[in-house]
Amino acid sequence: MARLVCAALTATALPFLASSQVGAAAGEVLILDSTVTGGAGSTLAQKFTLAGKTPVVVDGATWSAMTAADFDAYDAIVLGDPTCAALGPEAPATANAATWSSVVDGNVVVIGTDETFHEGQGGAALMEKAAAFSVAEAGKTGAYISLSCYYHDTAALTPVPLLDGLGTFTATGVGCYNNAHITATHPALTGLTDATLSNWSCSVHEGFDTWPLSFEVLAIAKDIGSAYTAPDGTVGTPYILARGVEVISDIDLAPATATRNIGETHTLSATVTTDDPVPGTPIVGTTVTFEVVAGPHVGTTGTAPTDAAGVATFDYVGTTTGEDTIHATFVDGNGLTQTSNKVTATWEVPPGPACNGVPATIVGTDKSEVILGTKGNDVIVALGGHDNIFGGKGDDLICAGDGADKVEGQNGNDVIFGGTGPDKLIGGLGDDELYGEAGKDTLVGGPGNNLLVQ
2 MARLVCAALT ATALPFLASS QVGAAAGEVL ILDSTVTGGA GSTLAQKFTL AGKTPVVVDG
62 ATWSAMTAAD FDAYDAIVLG DPTCAALGPE APATANAATW SSVVDGNVVV IGTDETFHEG
122 QGGAALMEKA AAFSVAEAGK TGAYISLSCY YHDTAALTPV PLLDGLGTFT ATGVGCYNNA
182 HITATHPALT GLTDATLSNW SCSVHEGFDT WPLSFEVLAI AKDIGSAYTA PDGTVGTPYI
242 LARGVEVISD IDLAPATATR NIGETHTLSA TVTTDDPVPG TPIVGTTVTF EVVAGPHVGT
302 TGTAPTDAAG VATFDYVGTT TGEDTIHATF VDGNGLTQTS NKVTATWEVP PGPACNGVPA
362 TIVGTDKSEV ILGTKGNDVI VALGGHDNIF GGKGDDLICA GDGADKVEGQ NGNDVIFGGT
422 GPDKLIGGLG DDELYGEAGK DTLVGGPGNN LLVQ
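Take 2 as the starting number for the sequence shown in the working numbering and just add one per residue.
It is possible that part of the hints are untrue.
Simulated pairs of lysine to aspartate or glutamate, DMTMM-like, Cα-Cα distance not exceeding 25 Å [claimed, not checked]: (1) 376 / 434; (2) 141 / 60; (3) 376 / 432; (4) 425 / 403; (5) 343 / 333; (6) 394 / 432.
Just so you know, the hints here were simulated from the structure itself, not pulled from any lab data. Values in this document were obtained by computation on a predicted structure and should not be read as measured data.
Turn these sequences into a full structure, and let the hints guide you.
Right, dumping it as structure tokens:
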């Protein structure tokens with residue numbers, strides 16, 4: 002019945018659903034009623050209609066009762082600006098932030114001002130672009146989140162529990178600040194300028210002094226605070242952040258992801274191009290700076306010039322486990338620093354010695370030695386040297402390795418690989434498998450049903 006009611010509504014009479022009616026149809030976005038002014042007729046709801054979506058407005062009780070599956074059915078989760086309010090309207094969304102945020106896998110925009118209050122001064126334009134961005138990834142659930150005036154007077158490093166499910170954010174109040182500055186070319190702000198966002202008689206109410214690395218800084222309150230230095234050298238406090246589409250720039254970093262063992266070398270390639278005279282024209286001889294901006298190797302940097310293809314490369318060796326995040330920058334012809342997409346490198350402990358793919362429980366050295374198994378089932382890797390190896394009791398797996406080795410499986414059903422060199426393999430008691438491999442080997446099965454492969 003709810004869907005029949007919605008189908009009968011016109012574009013200007015958008016649905017407000019009570020708890021008994023919740024359930025998304027294709028192309029719908031979910032708005033928490035307490036975070037907008039005018040409900041289904043709010044300016045923000047209209048901007049989502051303009052983006053080709055159907056806004057569905059729910060009250061706090063309905064929102065609070067929704068499951069992750071309920072939220073996941075919508076194209077975006079929308080928490081707007083209730084025309085410059087203190088903390089309170091967002092409370093239902095804060096209470097179940099872990100639930101709704103768990104399904105947000107599309108584009109996300111977070112805004113630290115009251116764009117509805119200032120819709121006649123640039124706020125409406127900001128809502129339009131940000132709303133369209135939040136629903137731009139087909140088949141995913143995005144998010145449009147405004148912090149309104151919630152943290153207008155707050156102290157630095159104040160937690161923002163509403164955003165906990167998206168990462169660690171802290172906010173700081175910046176008062177009625179009017180000098181806004183766009184720091185990145187990004188679809189969430191397409192066509193907007195500093196003039197669009199500035200001089201609202203309170204363009205910025207709160208900024209971020211901590212935010213997840215997965216979020217890009219799109220705009221700052223310029224010259225207040227020092228939380229962020231933009232690629233163009235301006236300094237300030239970020240107040241518009243986005244996750245999803247990368248910042249648009251003339252430098253691209255690859256590979257996007259990589260997994261390496263500690264001690265290995267990771268190679269990164271940055272490609273720098275220009276649209277002049279045609280898109281994709283390589284910029285030759287410019288210096289690219291590579292930097293690990295987060296992770297166990299944070300602070301690692303390097304520079305390299307671009308070659309005839311516009312490509313610069315950088316190598317570094319991992320020494321610690323964990324995930325690094327890396328970006329690259331260059332200074333363009335206008336003297337502006339452009340920043341690449343972020344990429345990751347995961348460093349792992351190298352796998353230890355193994356025998357026939359099974360991790361070793363006993364490992365020898367490169368020297369000649371006597372290796373004794375235990376009473377249990379052992380996996381012995383002798384490595385180099387002329388070794389005497391005794392499996393002992395249990396069903397053992399033994400790789401003798403290099404050298405002229407003597408191996409006795411002794412008790413149990415053993416599997417022995419001779420490796421290189423002239424080896425003597427003795428199965429002992431049990432049903433054994435002996436593989437001589439390379440070299441002139443002597444294989445002695447002993448009692449039991451044995452397999453001998455020279």
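Which hint numbers doesn't this structure obey? Of the numbered hints, all hold.
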